[in-house]
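Given the coordinates of chain F, work out where chain C should sit on it, guided by the hints.
Here is what each chain is made of, one letter per residue.
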Amino acid sequence: MTLLELAGVSVRFGERAVVDAVDLEVAEHEIVCVLGPSGSGKSTLLRVVAGLQPVSAGRVLLGGEDQARVPVHRRGVGLMFQDHQLFPHRDVGGNVSFGLRMRGSRRGFASGPGRGTYEARVAELLELVGLPGAQGRPVASLSGGEQQRVALARALAPSPRLLMLDEPLGQLDRGLRERLVVELRGLFSRLGTTVLAVTHDQGEAFALADRVVVMQEGRIAQAGTPLEVWQRPASEFVARFLGFENVIPAVVAGGAAATAWGKVRVPAGSPEGERRILIRPAGVVLAAAGLRCEVLARTFRGTHVALRLRPEAGPELEAECGLAGAPAVGERIAVAFAPAEVVVLPAA
Amino acid sequence: MVLARREVGRESARGTAVRLLLMAVPLAFFGLFFAYPVAAIVGRGIKTDEGWQFGRIGEVLARPDIADVLWFTTWQAFASTALTLLIALPGAYVFARFEFPGKQLLRAVVTVPFVLPTVVVGTAFLALVGRGGLLDELWGVRLDTTVWAILLAHVFFNYAVVVRTVGGLWAQLDPRQEEAARVLGAGRFAAWRRVTLPALGPAVAAASLMVFLFTFTSFGVVQILGGPSYATLEVEVYRQTAQLLDLPTAAVLTMVQFVAVGLILGIHAWTVRRRETALRLVDPARTAHRPSGPGQRALLGGVLLTVALLIVAPLAVLVERSLDAPGGYGFGFYRALQDVGAGGGTFLVPPLEAIWNSLQYALAATAIALVIGGLAAAALTRRGGRFVRGFDALLMLPLGVSAVTVGFGFLITLDEPPLDLRTSWILVPLAQALVGVPFVVRTMLPVLRAVDGRLREAAAVLGASPLRAWREVDLPLVRRALLIAAGFAFAVSLGEFGATVFIARPDRPTLPVAVARLLGRAGEMNYGQAMALSTILMLVCAVSLLVLERLRPDKTSGEF
Numbered sequence: 001m002t003l004l005e006l007a008g009v010s011v012r013f014g015e016r017a018v019v020d021a022v023d024l025e026v027a028e029h030e031i032v033c034v035l036g037p038s039g040s041g042k043s044t045l046l047r048v049v050a051g052l053q054p055v056s057a058g059r060v061l062l063g064g065e066d067q068a069r070v071p072v073h074r075r076g077v078g079l080m081f082q083d084h085q086l087f088p089h090r091d092v093g094g095n096v097s098f099g100l101r102m103r104g105s106r107r108g109f110a111s112g113p114g115r116g117t118y119e120a121r122v123a124e125l126l127e128l129v130g131l132p133g134a135q136g137r138p139v140a141s142l143s144g145g146e147q148q149r150v151a152l153a154r155a156l157a158p159s160p161r162l163l164m165l166d167e168p169l170g171q172l173d174r175g176l177r178e179r180l181v182v183e184l185r186g187l188f189s190r191l192g193t194t195v196l197a198v199t200h201d202q203g204e205a206f207a208l209a210d211r212v213v214v215m216q217e218g219r220i221a222q223a224g225t226p227l228e229v230w231q232r233p234a235s236e237f238v239a240r241f242l243g244f245e246n247v248i249p250a251v252v253a254g255g256a257a258a259t260a261w262g263k264v265r266v267p268a269g270s271p272e273g274e275r276r277i278l279i280r281p282a283g284v285v286l287a288a289a290g291l292r293c294e295v296l297a298r299t300f301r302g303t304h305v306a307l308r309l310r311p312e313a314g315p316e317l318e319a320e321c322g323l324a325g326a327p328a329v330g331e332r333i334a335v336a337f338a339p340a341e342v343v344v345l346p347a348a
Numbered sequence: 001m002v003l004a005r006r007e008v009g010r011e012s013a014r015g016t017a018v019r020l021l022l023m024a025v026p027l028a029f030f031g032l033f034f035a036y037p038v039a040a041i042v043g044r045g046i047k048t049d050e051g052w053q054f055g056r057i058g059e060v061l062a063r064p065d066i067a068d069v070l071w072f073t074t075w076q077a078f079a080s081t082a083l084t085l086l087i088a089l090p091g092a093y094v095f096a097r098f099e100f101p102g103k104q105l106l107r108a109v110v111t112v113p114f115v116l117p118t119v120v121v122g123t124a125f126l127a128l129v130g131r132g133g134l135l136d137e138l139w140g141v142r143l144d145t146t147v148w149a150i151l152l153a154h155v156f157f158n159y160a161v162v163v164r165t166v167g168g169l170w171a172q173l174d175p176r177q178e179e180a181a182r183v184l185g186a187g188r189f190a191a192w193r194r195v196t197l198p199a200l201g202p203a204v205a206a207a208s209l210m211v212f213l214f215t216f217t218s219f220g221v222v223q224i225l226g227g228p229s230y231a232t233l234e235v236e237v238y239r240q241t242a243q244l245l246d247l248p249t250a251a252v253l254t255m256v257q258f259v260a261v262g263l264i265l266g267i268h269a270w271t272v273r274r275r276e277t278a279l280r281l282v283d284p285a286r287t288a289h290r291p292s293g294p295g296q297r298a299l300l301g302g303v304l305l306t307v308a309l310l311i312v313a314p315l316a317v318l319v320e321r322s323l324d325a326p327g328g329y330g331f332g333f334y335r336a337l338q339d340v341g342a343g344g345g346t347f348l349v350p351p352l353e354a355i356w357n358s359l360q361y362a363l364a365a366t367a368i369a370l371v372i373g374g375l376a377a378a379a380l381t382r383r384g385g386r387f388v389r390g391f392d393a394l395l396m397l398p399l400g401v402s403a404v405t406v407g408f409g410f411l412i413t414l415d416e417p418p419l420d421l422r423t424s425w426i427l428v429p430l431a432q433a434l435v436g437v438p439f440v441v442r443t444m445l446p447v448l449r450a451v452d453g454r455l456r457e458a459a460a461v462l463g464a465s466p467l468r469a470w471r472e473v474d475l476p477l478v479r480r481a482l483l484i485a486a487g488f489a490f491a492v493s494l495g496e497f498g499a500t501v502f503i504a505r506p507d508r509p510t511l512p513v514a515v516a517r518l519l520g521r522a523g524e525m526n527y528g529q530a531m532a533l534s535t536i537l538m539l540v541c542a543v544s545l546l547v548l549e550r551l552r553p554d555k556t557s558g559e560f
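Chains as they are written, first to last, in our numbering: chain F, 1 to 348; chain C, 1 to 560.
Chain F on its own, in the form it takes in the complex:
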């Protein structure tokens, strides 16, 4: 069942549309990650859903109900801010129980849960995020990772129907990030939480999400499962955003593309005509004969070696090869292209 639906949502600051006619659905228990460079409007999208940012056009529906007239504090969503925004004047327990107190007091003192209930729930949540017994600690004494956990516990405490995360792991160092992203995914699927997250880090998005939405200048450039997006980028923008550099204009006809790098065979069933093609680095392979190149740079990447090549014709190429037999800088080699790693993109 669809929990969140955005229909034609636009946000304009003056002349500029930060969010431009966005349609998006998030199903219950689904984890959707909005991926995009900074300034692509993804944080604004979260603010729109939370009610912190009025829309210029379009509708936001939660559980089928239009939220236009529902103020922020009655939407029942959770938002974990980019820099956490923990309340500095409250300790960890006070932060986590904040949402519970707000919801409790609205139901009235008589029927609201007592203080003891809050304490049990706070303890449960701190346990859940891996900070058992931290209730009394001042917020200022927390490390970045601990703050992130407290912010998560605070957002989860009132059991929001939709949890939104703004760059959830943005400020943490790499090792911690990789561990936490796995933890988060496990946690959300265990709790059955519906999650809408935004990030600029593709690794984070792919590890966390059931579905990825790539945004470009306020519009949705592509939506799909991480695998779909990774394997079949929908445009040059998406391809380049994912870190692929080998994109070149091409004329596709009869199962092959004519490019500045020469003829490149494309997968069967690819669209024909004036296009652009992407050749993933893994598809640029050393060969006895083919496009002749000079090795400009060589970077050790742990499992493979990344090469930067200057071909005799056309722009520079990125290639990957195994650790054994990687050519040295300055060496002259020849490369061929593997059709499975070639993607035909629309013309620019």
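For the record, the hints were derived by calculation from the structure and aren't laboratory data.
Any given hint might turn out to be false.
Residues on chain C that point at chain F, a partial pick, calculated with CB under 7 Å [as the list claims (entries may be wrong)]:
#1 Leu455
#2 Glu457
#3 Ala458
#4 Val461
#5 Gly463
#6 Ala464
#7 Ser465
#8 Leu477
Quick list of the computed label-pair ranges, beta carbon to beta carbon [said to hold, decoys possible]:
#9 F/Glu127 / C/Leu21: 44 to 52 Å
#10 F/Arg12 / C/Gln296: 39 to 47 Å
#11 F/Gly203 / C/Val25: 53 to 61 Å
Just so it is clear, CB atoms sit at the ideal spot from N, CA and C, and this is done for glycine as well.
For chain C alone, coordinates are given in the frame of chain F:
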């Protein structure tokens, strides 16, 4: 961040309405109790039945005695400011960068003069350098008829302004910036000149302007120490109004001071805005270290000696004189304060009652200042807009506009229904609140502005209504600042003299008024009682300040 800025610019219509509503009360207050009385008295001075007499401005300014006053007011303000900077800047450095035992206490001690009533400052210096003062007794040295007494008293009074404004920022400057310059090849002095000084520049400028403002409009100190030969504009306005009843001259002088103060405040606002440019600030606790080496120890010693001679000595002498009763040391003068007759007909009530009058007035004034200043600060929290900036400056004006004019203006404007307040006790707190409001706004505003709007958003997302979010987030964060603002407003209300001297009823004098009255009379008994009352006033102020010092917010560098 970029997004947040833009959203502030596109504030909703409802937000604007709330802001206007918040500003309405302070605007009405300033209109009624500040602009109206001041305008009325200026109008009375230069408007006759034949219309506006603008020619009088030229006539008055051409008079040699007035030219002397203008010249003296200006040069003594420049000299006082320069002398204060010279003496206080090393102090600012020591307080910012050195860690030493008793630092907290010392910081409170140097701030005591600033909240002291000017009358007490004048009296304390009189006890030190005046006729029959300590220096007179020891070496026959008297400075009370010279300009040096005024200058030293001004330094005494404003030392804390420089130490707090400049030192507060200095302590938060990252020393690593200077280290980076050193590594890049700059010498010790070059690094200071090219990295630290430019960062401090705006703070030094702002502090200098505040000192200039306070000394330019100095009243109580000059009134007591200046004798007949030295008068600032403010003193001259008082003389022309109260003694010579020459309203036209007083009106012209008031306008001259108004223009000058407007200029000073304009420049001040400009430097403050420049100071807000991004600086790398760090926790002050991290930048301070124990002094090491003979140079640093000598500097610390020098600053401690200066504080002892310049700040502690006058206060100590004041206490000593108050105890130096005719029959040997004791509380003779204090006991005499309970007695109506001892004043030789100066008072209708025992002088001691002035304490209770003062406390009641100051409490009422504090309450008014908190409401008005709090509303103004809340309205000004969101930056932007010419209108807001103008309002910001407007709130500072009462600090610089002749308090004497305000007091006298109260008498001639608030005397008919529906605002016949002449016999009402509220008149005095209203006048005192005028000088309290700027302190409240300047204490509250940085803290309110520092509250991250996204904290409020976080509370809203967690289910707090706007009002609840304000109560749960803003209020706890500004509570300390609110208390501090209350303390400052209380202290300045307690010490307000210029306006109160006009409007306090003879049977309900405040402490500063009673002190001035006692000093105006000859006789050892009156002098001693003045010292005793001043001591009491000093203690009340010092205690409220020590309470403040404990509440000082850690992260905001206070203006005062």
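Each hint tested on the structure:
Because the closest C-beta pair between C/Leu455 and chain F is about 5 Å apart, less than 7 Å, the hint holds. Hint on C/Glu457 holds. Least Cβ distance to chain F is approximately 5 Å, under the 7 Å limit. Taking 7 Å as the C-beta cut-off, the interface hint given for C/Ala458 holds, the closest approach to chain F being about 4 Å. With a cut of 7 Å, the hint placing C/Val461 at the interface with chain F holds, because the nearest CB-to-CB distance is about 4 Å.
Hint on C/Gly463 holds. Least Cβ distance to chain F is approximately 3 Å, under the 7 Å limit. For C/Ala464, the interface hint holds, the least distance from its beta-carbon to any beta-carbon of chain F being 5 Å, beneath 7 Å. Hint on C/Ser465 holds. Least Cβ distance to chain F is approximately 5 Å, under the 7 Å limit. With a least beta-carbon distance of about 6 Å to chain F, the hint placing C/Leu477 at the interface is held under the 7 Å criterion.
Our hint of 44 to 52 Å for F/Glu127 and C/Leu21 holds, since their Cβ atoms are close to 47 Å apart. For the hinted restraint 39 to 47 Å between F/Arg12 and C/Gln296, the CB-CB distance of approximately 59 Å leaves it violated. Checked against the hint of 53 to 61 Å, the pair F/Gly203 and C/Val25 passes, with Cβ atoms roughly 55 Å apart.
Consistency note: the structure conflicts with earlier hint 10 alone.
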